[in-house]
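In the order they appear, the protein sequences are chains W and P.
Counting in my numbering, the first sequence runs from 1 upward without gaps.
Counting in my numbering, the second sequence runs from 1001 upward without gaps.
I should point out that these hints are in silico values taken from the structure, not numbers from a laboratory.
Treat the hints with care, as some may be off.
Some, not all, of what chain P presents toward chain W, calculated at C-beta under 7 Å [what the hints assert, rightly or not]:
| no. | residue |
| --- | --- |
| 1 | LEU1147 |
| 2 | ALA1236 |
| 3 | ALA1241 |
| 4 | LEU1243 |
| 5 | PHE1280 |
| 6 | VAL1284 |
| 7 | LEU1339 |
| 8 | ASP1381 |
| 9 | ARG1451 |
| 10 | TYR1453 |
One side only, chain P facing chain W, incomplete, derived with CB under 7 Å [as the list claims (entries may be wrong)]:
| no. | residue |
| --- | --- |
| 11 | VAL1307 |
| 12 | ILE1326 |
| 13 | ARG1341 |
Here a beta-carbon is modelled for each residue, glycine too, at the ideal position from N, C-alpha and C.
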Amino acid sequence: MTPAVGTRLVSAGALVALLANAAPALAGNGGFAPVPPESPNAHDITWTWWFVSIFIAIIFVLVEGLLILFVIRYRRGKRARDADGPQVHGSTRLETMWTVAPVVILAAIGVAVFSQLPGLRDVPSASAAGEKLEVTVEGRQYYWQYVYPNGVIAADRLRAPLGVPVELTVVAPETDVIHSWWIPALGGKIDAIPGVVNSTWFQAERTGIFRGQCAELCGLAHANMLAEVEVLPVDEFEAWLAEQEAAQAAGNSDLGEEVYTAACSTCHGLEGQGGVALAAPRLAGSALVADAAAVEQIVRNGRNQMPAVGGGWSEQEMDAVTDYLAQELAGGSQG
Amino acid sequence: MAARAETEQIPAWQRGKVASWLVTVDHKRIGILYLGTCGVFFALAGVMALLLRTQLAQADADVLTKDTYNEVLTMHGTAMVFLVVVPVLAGLGNFLVPLMIGAADMAFPRLNALSYWLFLFAGLVLLLSFTASGGAARSGWTSYPPLSVHSGGNGQDLWILALHILTISSMAGAINFVVTVHNMRARGMTWMRLPLFVWSVYIYAWLLILVLPTLSAGLTMLLLDRQGWTHFFDPAEGGSAVLYQHAFWFFGHPEVYIMVLPAFGIISEVLPVFSRKPIFGYKVIAFSTIAIAFVSMLVWAHHMFTVGMPDYLNGFFMISSMLVAIPTGVKIFNWLATLWRGNLIFDTPMLFALGFLSIFTVGGLSGIYLAAFPIDWQVHDTYFVVAHFHYVLFGGSVFAIMAGLFYWWPKFFGRMLDERLGKITFVLMFVGFNLTFFPQHLLGLAGMPRRIYTYGEDGLWEGYNLTSTIGSYVMGLGLLVFLYAIVKSRHGRRAGNDPWQADTLEWYTTSPPPPHNFDSVPYVTSARPLYDLRRRLKEAGAL
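Only chain W is shown next, with the shape it has when bound in the complex (with noise of 0.2 Å):
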């Protein structure tokens, strides 16, 4: 193969690569912006990030193209390797401008994140779509809960109404460690710390589902703790609401089954078959898991590796799950 051949299956070689990760890259922005913000709060930020973006892209072309120009202007070509360039020792005029013009720069940055501010963190208290809705977004090892303002417990997938406001009030248990809650289209990430009160808005401007995942190294599943957002329609969610309120009230919901596949599944497998991680045991067919006082013990305590899932569960939401686990896995699922 002569050399020329392989540069040219190179570079064809190098064109496959590119053309390969463009088109998927076409579906969205292909990662040259935030992901496409569907939250006016996302909005603000895409905003200031193409903002910013041009002057990143004068000064990175105006650098790299002087820096090109100049290797190929002043290479030593057929000059003595020892012949001297001049012997020029500075000037005060020029690096007085490439001090100040940053400085302008910057400030027009400045004020441009200022001013984008209020429109980013004052949540309006009411929409057309109706009045702001406050969850509680509690991170835990490794699955999100919330707790709407009716009481009414749901995990790792949030759901909520379309056009509304709704406000986050993001926490986590004094036993639990720091998580972060980030779903990129509907806005920024805000930590989730044990012992800090922090919040977050969104007001959802389409229907349908937003993933995000934790964004702080949280421990061994932290890969796996997923969140979502599912949005919809004002008033197929507020039958949602009401319907949960009334069956998590009478303890014939889905909480349990919700909470187990949050929770537990992530180590103990989604059948109960164990050692998904760390060598979780196998609950499918357990005596212990029909034990619900035990099951309590443990999964509001934590043992050896398995964290305190259920530190803080009010007592609706650990029957639920307690009867899950006596129903679902407790000699029934065998084999």
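Starting from the known structure of chain W, fit chain P onto it as the hints suggest.
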């Protein structure tokens, strides 16, 4: 003769090939010990990086999962920062600072040896902690509590121990540099004639002295929370988990400049020599180093924009962080102006220096996005940040260190590194680097958090991750070529005193220099004593 007197004082048992290295207090030998040890640690931490990249090459892979992945990512970060970049600069500084200022050794040679041996010991403690009960530390190189307090086994305790030992080693080394630069400069070498690399090591040393105590305090509190009965970081007992982050980053951000300022110093030595020009704006380069160091101590909480600080604090840390961009930008433009109208010689040191300029600029610019805190709320703790700091610390510091190694290798060992292999190393590393880390910006923006061992199927994430992994192997290949060049250099071309026709005093003596460094040191008349000397010889018709 001084040299003979030196050998006569040494007892017989210390003259052996191995023993002489074990008992040495010669700054040059200690410098080489540092460089060699760092090389081994770099190889190990680099293999860890390749393991991480291999795991992430595809969705749902299981090369390295969960706890093992967390251990490896923690050790990769900790080792690269504390066992590679900081000490390799200490090694270069050790060998070069006394030579560049015309001194016979460091001010405290035995303290210098102690610094090295403590460093080696700390490195062994850290790496061997993989064998501790419960495995190595696995809370990231930042080791935030409560996670690092809850973390079982003794890996985290050994991590703290290793860093404590390193702190003592670095503190002793830093004091040594400061005292040496203050007291042992050659006749005529005023502060404004100090080589810029020495300036940068001097500031590096001061920064270490100023911020290491905060790290020690944070680590001690962490250790007491884990093993004692204190609750500094435990909110259930009235402590604060965020307090640690303040202590860590008050040290941690200046640490970035500790790793980058001496790299700037190397660039300020290499660019003028291979452009055949003086550095453009010596004073501005020297003073901007001081300015960066000072401002770097006021920016720490830009690592904490997502902990829920009030906006006046977010605003303060945004503005202070942006201020760093000003002296940094000044340096970049001054370096560019140094190239302007020069006689550019593209030997390997110059290639790495130019590579540094092009890559570090990108790292600096992505830092502006991160300083604008609302944007940081999107990209914090994602691969965008991983890309940013690798552009600064790998494309910046490591490329500069490579430039420095190719530049000073002939002085260290008296032999040149092979120029052709050097160019191949550069091309592989430059291409591999950008292939590895540029896509990571895009991954972060597309929503991929850092420190995850797996991800689901998603076209964009999979494509960029695979590209990144391929790039990392290309870089690895480049480093293997470098290793081959090192092996080959044992029989390389002899260097002579001054193979590059350089400007500073280390090139005045032989390569390698004798134990006492100089038989005589010329009176220093400018920041470029050898340039002055050559000019005088030329004028006298001797050259």
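Against the structure, the hints:
1. LEU1147: Check passed: Cβ of LEU1147 of chain P comes within 4 Å of chain W, closer than 7 Å.
2. ALA1236: This hint holds: ALA1236 of chain P lies near chain W, its Cβ roughly 4 Å from the closest one there, short of 7 Å.
3. ALA1241: OK, holds: ALA1241 of chain P within 7 Å of chain W, min 6 Å.
4. LEU1243: violated (11 Å)
5. PHE1280: holds (5 Å)
6. VAL1284: At 5 Å from the nearest chain W Cβ, VAL1284 of chain P passes the 7 Å test, so the hint holds.
7. LEU1339: holds (4 Å)
8. ASP1381: Check passed: Cβ of ASP1381 of chain P comes within 4 Å of chain W, closer than 7 Å.
9. ARG1451: This hint holds: ARG1451 of chain P lies near chain W, its Cβ roughly 4 Å from the closest one there, short of 7 Å.
10. TYR1453: Since the shortest Cβ distance to chain W is 5 Å, the answer is holds.
11. VAL1307: holds (5 Å)
12. ILE1326: For ILE1326 of chain P, the interface hint holds, since the closest Cβ of chain W sits about 5 Å away, which is under 7 Å.
13. ARG1341: holds (5 Å)
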